[in-house]
Each structure stands twice: as C-alpha cells, then as structure tokens.
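These protein sequence lines map, in sequence, to chains A and B. Numbering follows my numbering, in which position 356 of the first sequence is assigned residue number 356; successive positions increment by one, without gaps. Numbering follows my numbering, in which position 93 of the second sequence is assigned residue number 93; successive positions increment by one, without gaps.
Possibly wrong hints are sitting among the right ones.
[Unchecked claim] List of simulated lysine-lysine pairs, DSS-like, C-alpha gap at most 25 Å:
no.	chain 1	residue 1	chain 2	residue 2
1	A	LYS142	A	LYS204
2	A	LYS187	A	LYS66
3	A	LYS503	A	LYS532
4	B	LYS62	A	LYS287
5	A	LYS309	A	LYS187
6	A	LYS187	B	LYS66
7	A	LYS187	B	LYS72
8	A	LYS503	A	LYS514
9	B	LYS66	A	LYS312
10	A	LYS407	A	LYS530
11	A	LYS514	A	LYS532
12	A	LYS142	B	LYS72
13	A	LYS66	B	LYS66
14	B	LYS66	A	LYS309
15	A	LYS187	B	LYS90
16	A	LYS312	A	LYS204
17	A	LYS195	A	LYS336
18	A	LYS132	A	LYS14
19	A	LYS187	A	LYS312
20	A	LYS142	B	LYS66
21	A	LYS195	B	LYS62
22	B	LYS62	A	LYS309
23	A	LYS309	B	LYS72
24	B	LYS62	A	LYS312
25	A	LYS66	A	LYS142
26	A	LYS333	A	LYS195
27	A	LYS14	A	LYS135
28	A	LYS287	A	LYS407
29	A	LYS361	A	LYS249
The hints are simulated quantities; they were obtained by calculation from the structure and are not laboratory data.
The chain contents come next:
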Amino acid sequence: MELTGAEILVRCLKDEGVEYVFGYPGGAVLYIYDALYQQDDVKHILVRHEQGATHAADGYARSTGKPGVVLVTSGPGATNAITGIATAYMDSIPMVIVTGQVHTWAIGSDAFQEVDSVGITRPCVKHNFLVKDIKDLATTIKKAFYLATTGRPGPVVVDVPKDVTMHRAEYSYPEEVSIRSYHPVVKGHPGQIKKAVDLMLSAKRPMIYTGGGVIWSGASSSLTEMTRMLGYPITNTLMGLGAYPATDKQSLGMLGMHGTYEANMAMHHCDVLIAIGARFDDRVVGKVEYFCPEAEIVHVDIDPSSISKSVKVDVPIVGDVDHVVKEMIRLLKEDKRTPDQAALAQWWDQINEWRAVNCLKYDRNSSLIKPQFVLETLYNVTQGDAFVTSDVGQHQMWAAQFYKFDKPNRWINSGGLGTMGFGLPAAMGVQLAHPDATVACVTGEASIQMCIQELSTCRQYGLPIKVINLNNRYMGMVRQWQEFFYEGRYAMSYMEALPDFVKLAESYGHIGMKIEKPSDVEPALREAMKLKDRLVFMDFITDQTENVYPMIAQGKGHHEMHLSPERELA
Amino acid sequence: MRHIISILIENESGALSRVAGLFSARGYNIESLTVAPTEDPSLSRMTLVTRGSDEIVEQITKQLNKLVDVVKLIDLTEGPHIEREMMLIKLRAAGDAREELKRLVDIFRGHIIDVTIGTYTVELTGTGEKLDAFIQAVGSTAILETVRSGVSGIARGEKSLHL
Ligand SMILES: Cc1cc2nc3c(=O)[nH]c(=O)nc-3n(C[C@H](O)[C@H](O)[C@H](O)COP(=O)(O)OP(=O)(O)OC[C@H]3O[C@@H](n4cnc5c(N)ncnc54)[C@H](O)[C@@H]3O)c2cc1C
Ligand SMILES: Cc1ncc(C[n+]2csc(CCOP(=O)(O)OP(=O)(O)O)c2C)c(N)n1
Ligand SMILES: [Mg+2]
Chain A
1 MELTGAEILV
11 RCLKDEGVEY
21 VFGYPGGAVL
31 YIYDALYQQD
41 DVKHILVRHE
51 QGATHAADGY
61 ARSTGKPGVV
71 LVTSGPGATN
81 AITGIATAYM
91 DSIPMVIVTG
101 QVHTWAIGSD
111 AFQEVDSVGI
121 TRPCVKHNFL
131 VKDIKDLATT
141 IKKAFYLATT
151 GRPGPVVVDV
161 PKDVTMHRAE
171 YSYPEEVSIR
181 SYHPVVKGHP
191 GQIKKAVDLM
201 LSAKRPMIYT
211 GGGVIWSGAS
221 SSLTEMTRML
231 GYPITNTLMG
241 LGAYPATDKQ
251 SLGMLGMHGT
261 YEANMAMHHC
271 DVLIAIGARF
281 DDRVVGKVEY
291 FCPEAEIVHV
301 DIDPSSISKS
311 VKVDVPIVGD
321 VDHVVKEMIR
331 LLKEDKRTPD
341 QAALAQWWDQ
351 INEWRAVNCL
361 KYDRNSSLIK
371 PQFVLETLYN
381 VTQGDAFVTS
391 DVGQHQMWAA
401 QFYKFDKPNR
411 WINSGGLGTM
421 GFGLPAAMGV
431 QLAHPDATVA
441 CVTGEASIQM
451 CIQELSTCRQ
461 YGLPIKVINL
471 NNRYMGMVRQ
481 WQEFFYEGRY
491 AMSYMEALPD
501 FVKLAESYGH
511 IGMKIEKPSD
521 VEPALREAMK
531 LKDRLVFMDF
541 ITDQTENVYP
551 MIAQGKGHHE
561 MHLSPERELA
Chain B
1 MRHIISILIE
11 NESGALSRVA
21 GLFSARGYNI
31 ESLTVAPTED
41 PSLSRMTLVT
51 RGSDEIVEQI
61 TKQLNKLVDV
71 VKLIDLTEGP
81 HIEREMMLIK
91 LRAAGDAREE
101 LKRLVDIFRG
111 HIIDVTIGTY
121 TVELTGTGEK
131 LDAFIQAVGS
141 TAILETVRSG
151 VSGIARGEKS
161 LHL
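Just chain A, same shape as in the assembly (with noise of 0.2 Å):
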C-alpha cells in the first residue's frame, strides 16, 4: 500500500522502536504533525522552544544509551535547535533530528521560513541529509539512526521538504543498511592490545582515566572488572562520572580544572597513563607541555581522530571500549606476570597522602547555606540513587564534585559545549524514560531562566522532576574568574531583577519553596522527595561568595592547582 512521505516518516520512527518525538509544529512538519495524530504507537512531547527539544532527547540518549528524535518545523524551528544539536555534537550524543524544510521547488528561493539547515548544521552534526525524492525518505532515516548510533555517536540531521512528505511511495523499512565510506572499527588492534598491557603490568605508579566513551560503549562492568584485578587508582572526566563506582576506594574522582587534588597530582606523578574513551579535553589536560610529564600513555578511543590530537601518546589503539578492555582482561588473566606490588603499595600511600588534604572539606558552620552542604544532603536523601541533570556553572562542578555517581548514565550534563539552559529539558527527556526514577535537575538561578518555559512542559506531562536551585544571585562561575582574573570587577555577573522563584513555580502548576537557612535544608529536600508525582522548585538561598576548588587555572599544570585559602594556608 502507498503512504505519504508524512506516514513513511511515522512508520520508520516506529520500526526503529522510538518511543519519544520531542517537537514542536509549523508549516513544513504539518503533514508530519497529521499523521502523528492519527496514531499511538510514537509518541510526541510537545515543548516550549525547541531548543528545549534538543535537550529533552538528549537527556533522553544520555539516561537510556537510545538515541533521541527531535522533529522541528523549517526556518526558525531548526534555528532554535541549533544549540540543542551543538550540544548533543560536542559531547557525542547519539540523537536524528527531522527539520522540516520548504517545497523542493522552493529551495534556494528565500522562500517563507527557509533556511539552508543542511548547510547550517553542517558543522555540529555527525552528517547530515537533505532528503529531494520520497523513493530515498526510508533509506535516509534508516541511515540516520544507524550512523548516529554506531561508531563515535553523534546527530544527525535529517531535513525533509514538505512535498516529500505530502507525496505517496510504497512503504519499506530497510532491515539494515551499509555506506560503503562508513566502517567504524570495534575491535582493537591484537598487536596493540598486547603492547598496552605490556606497559600497564611494567608500571611502578599507575593511573587509568576515563570518560564518555565507557559510558557509550557501556562498558562499565568491564571497566570496573579490569580496574579491580589490576589494583590500580582511576579517575573520571566530567562525562565519565559513574562509569566506575565512585564511592570504590580505588576511585581518585575527577580530574582536571576543578578535579581532585589526589586525581590531578597522581596525573602528573604517573608513569604510565591508561586512558580510555577520554579525549584529552583543555579543561583535562591544562597545559599540554606540564601534562603527565612522566607517563607513557596508552589511549583506547573509537574515534582516530581523538587519538594524539593535543597530547601525543605511545600506544593508541582504535576499538570500542568493552571490546578491547575485555580483551585486555583476557590477557591479563592469562599473563603470569602481576602488578608490581611494593611499588603499587608505595604508589598508594603516595595517593592517600593526597586524600588526606580533603581538598573538597568546606566550612560546616557557617550561617549562611553552602553549595556543597545542599549536594551532599541532596546525595544523602536521595540515597545516591537519582538521575541528576545539571546546568552550567559552580553548581555543576559542585555537583560533580558531591554527588557520588555509582551507575552509569546517571549524570547527565552538556561538558563540552557549556549550553546554560540545558539541566530543566534534559530533566525532562530522563524522566520520561525512567518514570519511576528520582529525578533532580541541579541549576542556578542564571541558567534556569535560558529554558524556564519548559516547567509548562513539565506540567503537561506530570514530570515530577525536582529543580534544585543553587540561587546564590550572581552567575557564580562568571564572578569567580572575575574574582580571580579581573581584580573583583564583576562586569555583568549580577543577576537582578530576579523572578520569585517559588511564584514563578506556583504560576506554572507547581510547589515551590525557598530554603535560606542551613537547617531547612535537609527537611525540605525530604519532604520535596517524598512528593513523589509533583515537580518540586526549590530555591536555596545560598553563600554567594562560594567559590569552586579545587582549580586550575587555564594554562597551568595538574601540579599547579589552587586548593580553598583555607586549604592552602593549613
């Protein structure tokens, strides 16, 4: 039977399992929008700006390892998910985002609500399609989510004109498919796999790093396996954070700009560095030339291009994650030869020394509530257990810095572009995957207002997300390097002319409450906790003169860090 380009899309959404559209209609898509209506099987999620879209699917991928859809209308639509789409890029989210595009015979016209989307994603999206005949509409969806899923992921944009989804095509969705330029390589290099665990039993002060990409191969349980046998001391990125039990005593925390002192100064004193899924972020590596300056380095990335890309290694080896950490296991086990115990042993006492500066310990009694003192109670309420988005800014680093994540896919937050606005929509996307799962979006006051409207979102889908506002009136991160850099003038960092919050929340459908005082702070979040079908705003009132340490400053070395003036005087 013949279907419209429009049902075709529908149909392909739903063979490929998709549970969730995150959208928002307008001309193009109306075809699109019809054929949505008139089914259940996929179901959409209607937002408030589409850039909320973007990082409701994303919060979506990052809790669920699925890819999220995204569907926009052309022109100003796909504009607004621009950003949601970079974020997703730079991070390595797999997403398919449907743009809807003007009629083929309009293209090229500056025609009502045309822009060239293909042409303005092209450099934050994995690839992109601009499907012209409904005979390619299947094939091209079907090439979208197998290229945003396999391999390093990212998004994919699909931009579909309106005429192709207003014509009739027989319907047939591709099983599989192949793209004679696309391979990505899965299993590592046998050679190099033996090199590397060579040098990793040769190592007198071991260090193992590691990011996103264990999480997207899903290869904690590998991870964790290996890194026990071995007995050696391991850090997270910011996107690796869960990927290796934090609360595990081999677990140094994270590294880098506001890492740990333990993570950072084992970095720097290591001789030999295994990292894997890491890319060497800026905000990792500080100053390539300070950089591990001892270690010979192995890196396991999936991604060739991540390999020596600012920090040249010894012993790269393309593959994915579980596949050659399982083969590292293999050969470990069948090796007769063991770590070096004493110099591990030495190794060790030298990390706990670093542990003993307590380089996260803040003040506890003061009258004022610190950020810290809200995450640590939020992790002890929540028993560890939550999903925690995030924004960008202090509260973010201290989020990292006090929620424990022992899971995967539990932290969900935009490191690599820094996109304020993303927390509240990725909430979102997460809670609609794990309905039953606490759900808390830690944010600041600046941030939650790049995206507020969704709490309409929030209400029209009960999400029962609990907002953890860290409301300390400035845009914290900014008056820190302001602080530091700028000799205190804090050029536009004040946040004035703040909404009331708790108002602001009542107005959209949901509770509010405001918490200015150290001692509230554990009642309220358990009380928020325990309203378990409601969206819970919670405004903290908090220090604003807190500041993120550890740091490092940019162009400086892991051994160069700044610990809190009380820390450094002691």
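Since the structure of chain A is provided, determine the placement of chain B with the ligands on it from the hints.
Chain B with the ligands alone, transformed into the frame defined by chain A:
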C-alpha cells in the same frame, strides 16, 4: 611541509562543502583543491594541497576520513608520485615578441591554442614549479591573464586509489 592528499568522495551535492567547511572550521589551509567525477560517476576524485606540521597533517587526514562522504584517501607525498597542474595563460604577443614567445612556449613544451594579432593563449602542463618558471620567463608585462587548475596527483607504479 607540503602535502598532497587524494580523496575519493561521494559525488553528491554538499560533499565539497563538507571538505571546504572542515578546513575553514579547523583553521587548516588549502593551497589548492581540484575535483571532478571519476570513471564511476558516483565518485569524485579530489586532490587537495595543504601545508602543516606532521601533527596537523595527521589530524587533517583523520578528520577527512571521518567525513561520512569520504570513501578513501591517501597522502600522495608519503610515496613516489606524479603531480601535474594545467595552466591557460593569455600573453600580449605583438611584433617582435611573437617569435620569442613562441620559442619559450616550445622550450616549456606548451601549446599555443588560440591566436589573435596581439595575443597568444598558451596551454601548459607540468608541476607547479614549471608553471611558475614559465610565468617568470615571460615576465609580468606580457601576461594578460592566467588560469591554473590546481594540482592533480597520482601515485607512481602499481599503487592506486580505488574502491
Ligand atoms: C564549567 C565547566 C567546567 C569543566 N571542568 C571540567 C573538569 O574539571 N574536568 C573534566 O573532566 N571536565 C570538565 N569539563 C568538561 C570538559 O569540557 C569536557 O567536556 C570533558 O572533559 C570531556 O570528557 P571526555 O574526555 O570523557 O570526552 P567525551 O566528550 O565524553 O568524549 C568521549 C570520547 O570517547 C570516545 N568514544 C565514544 N564512544 C566510544 C566507544 N564506544 N569506544 C571507545 N571510545 C569511544 C569518543 O570518540 C571521544 O573521544 C568542564 C565543562 C564545563 C562546562
Ligand atoms: C548559553 C550560555 N551563555 C553563557 C555561558 C557562560 N557562562 C558559563 S557559567 C555562567 C554563569 C552561570 O550562572 P548560574 O546558572 O547562576 O550558575 P552558578 O555559576 O552561579 O552556579 C555563564 C554565563 C554559557 N556557559 N552558556
Ligand atoms: Mg548563580
């Protein structure tokens, strides 16, 4: 160092802009770029000349390979290879200068492909240096117009870039 990268790429609209966009977005330089379909009309062959340190050229080839439209590529400068560029050059050729110019064209194994009372149009093929040398030899006052194709390259011997 100068590198000549040969690319087999899907012959689709937009493929060229992906390559060009990659270079501008990442700040790599393109010295020249030529592209045309191959005997298989679904594929285009691109020759791209760039300059950069070994690390940069390694990143360039990795990033190019990552483009979904790129089917295959090689860095020709890694082995023995032949490079050619074609130039069409229009010269002021009147009176006495005509004989002298004709002799120069012969020396460089060029062809005069169009003639008027006052001009010669010359076709010349060779390495970039040979074309530069010809331009030098005729001198700037004689030149009315030059069109250069950019470099095309191919590996020597059995080695070939195909599917
Ligand atoms: C305010 C702010 C402060 C920040 N401070 C820090 C900080 O202190 N510390 C920190 O770590 N980050 C920090 N970041 C985040 C930082 O900018 C980067 O986003 C982050 O460090 C990158 O993490 P990653 O290396 O794990 O890479 P990701 O972006 O997660 O990339 C994953 C890598 O794994 C590879 N990969 C993907 N799938 C697979 C697979 N199946 N098999 C093998 N490999 C795979 C990819 O090719 C890629 O190279 C900060 C961000 C912000 C906004
Ligand atoms: C869209 C966007 N614009 C600007 C920035 C730059 N920026 C980074 S953090 C920050 C301040 C965030 O303030 P707030 O949300 O209150 O968080 P806090 O740092 O106070 O915890 C800004 C403006 C950004 N990351 N994203
Ligand atoms: Mg703030």
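Right, here's what the structure says about each hint:
1. Simply put, A:LYS142 and A:LYS204 have alpha-carbon atoms about 49 Å apart, too far for the 25 Å limit, and the pair is violated.
2. For the proposed pair A:LYS187 and A:LYS66, the alpha carbon gap of about 22 Å is at most 25 Å, so the pair holds.
3. For a cut-off of 25 Å, the pair hint linking A:LYS503 to A:LYS532 stands: about 20 Å separates their Cα positions.
4. Note on B:LYS62 and A:LYS287: the hinted pairing holds, with a Cα-Cα distance of about 24 Å set against a maximum of 25 Å.
5. At roughly 21 Å between alpha-carbon atoms, A:LYS309 and A:LYS187 fall within 25 Å of each other, so this suggested pair holds.
6. Taking the CA atoms of A:LYS187 and B:LYS66, the gap is about 18 Å. The hint holds against a cut of 25 Å.
7. Our distance criterion of 25 Å between C-alpha atoms is met by A:LYS187 and B:LYS72, whose separation comes to about 20 Å.
8. Between A:LYS503 and A:LYS514 the CA atoms are separated by roughly 10 Å; this keeps the pair inside 25 Å, and the hint holds.
9. Our distance criterion of 25 Å between C-alpha atoms is met by B:LYS66 and A:LYS312, whose separation comes to about 20 Å.
10. With a CA separation close to 23 Å, the supplied pair A:LYS407 and A:LYS530 stays within the 25 Å bound.
11. Of the pairs offered as hints, the one joining A:LYS514 and A:LYS532 holds, with about 19 Å between alpha carbons and a cut-off of 25 Å not exceeded.
12. Proximity of A:LYS142 to B:LYS72 is assessed by CA-CA distance (about 23 Å); at most 25 Å being required, the pair is judged to hold.
13. The suggested pairing of A:LYS66 with B:LYS66 holds, with an alpha-carbon distance near 22 Å, which does not exceed 25 Å.
14. Straight-line distance between C-alpha atoms of B:LYS66 and A:LYS309 comes to about 14 Å, which keeps the hinted pair within the 25 Å bound.
15. Of the pairs offered as hints, the one joining A:LYS187 and B:LYS90 is violated, with about 57 Å between alpha carbons and a cut-off of 25 Å exceeded.
16. A threshold of 25 Å between alpha carbons decides the hint, and for A:LYS312 with A:LYS204 the separation of about 21 Å falls inside it, so the pair holds.
17. Distance restraint check for A:LYS195 and A:LYS336: the Cα-Cα separation of roughly 15 Å lies within the 25 Å cut-off, and the hinted pair is therefore satisfied.
18. Taken as a hint, the A:LYS132 and A:LYS14 pair is honoured in the structure, with Cα atoms around 22 Å apart against an allowance of 25 Å.
19. Restraint check for A:LYS187 and A:LYS312: satisfied, since their Cα atoms lie roughly 22 Å apart, inside the 25 Å limit.
20. Distance hint between A:LYS142 and B:LYS66 is fulfilled; the C-alpha atoms sit about 19 Å from each other, no more than 25 Å.
21. A hinted pair counts as satisfied when its Cα atoms are at most 25 Å apart, and A:LYS195 with B:LYS62 qualifies at roughly 23 Å.
22. Among the hinted pairs, B:LYS62 with A:LYS309 is consistent with the structure: their alpha-carbon atoms are about 10 Å apart, no more than 25 Å.
23. With a C-alpha separation of about 21 Å, the suggested pairing of A:LYS309 with B:LYS72 holds against the 25 Å cut-off.
24. Proximity of B:LYS62 to A:LYS312 is assessed by CA-CA distance (about 15 Å); at most 25 Å being required, the pair is judged to hold.
25. Pair hint A:LYS66 plus A:LYS142 holds up; C-alpha atoms about 15 Å apart against a cutoff of 25 Å.
26. For the given pair, A:LYS333 sits about 15 Å from A:LYS195 by alpha-carbon distance, which is consistent with the 25 Å threshold.
27. Between A:LYS14 and A:LYS135, the direct Cα distance comes to roughly 18 Å. Compliance with the 25 Å bound is thereby established for this hinted pair.
28. With a C-alpha separation of about 31 Å, the suggested pairing of A:LYS287 with A:LYS407 is violated against the 25 Å cut-off.
29. Note on A:LYS361 and A:LYS249: the hinted pairing holds, with a Cα-Cα distance of about 18 Å set against a maximum of 25 Å.
Violated hints, listed in ascending order, are 1, 15, 28; each of the other numbered hints is respected by the structure.
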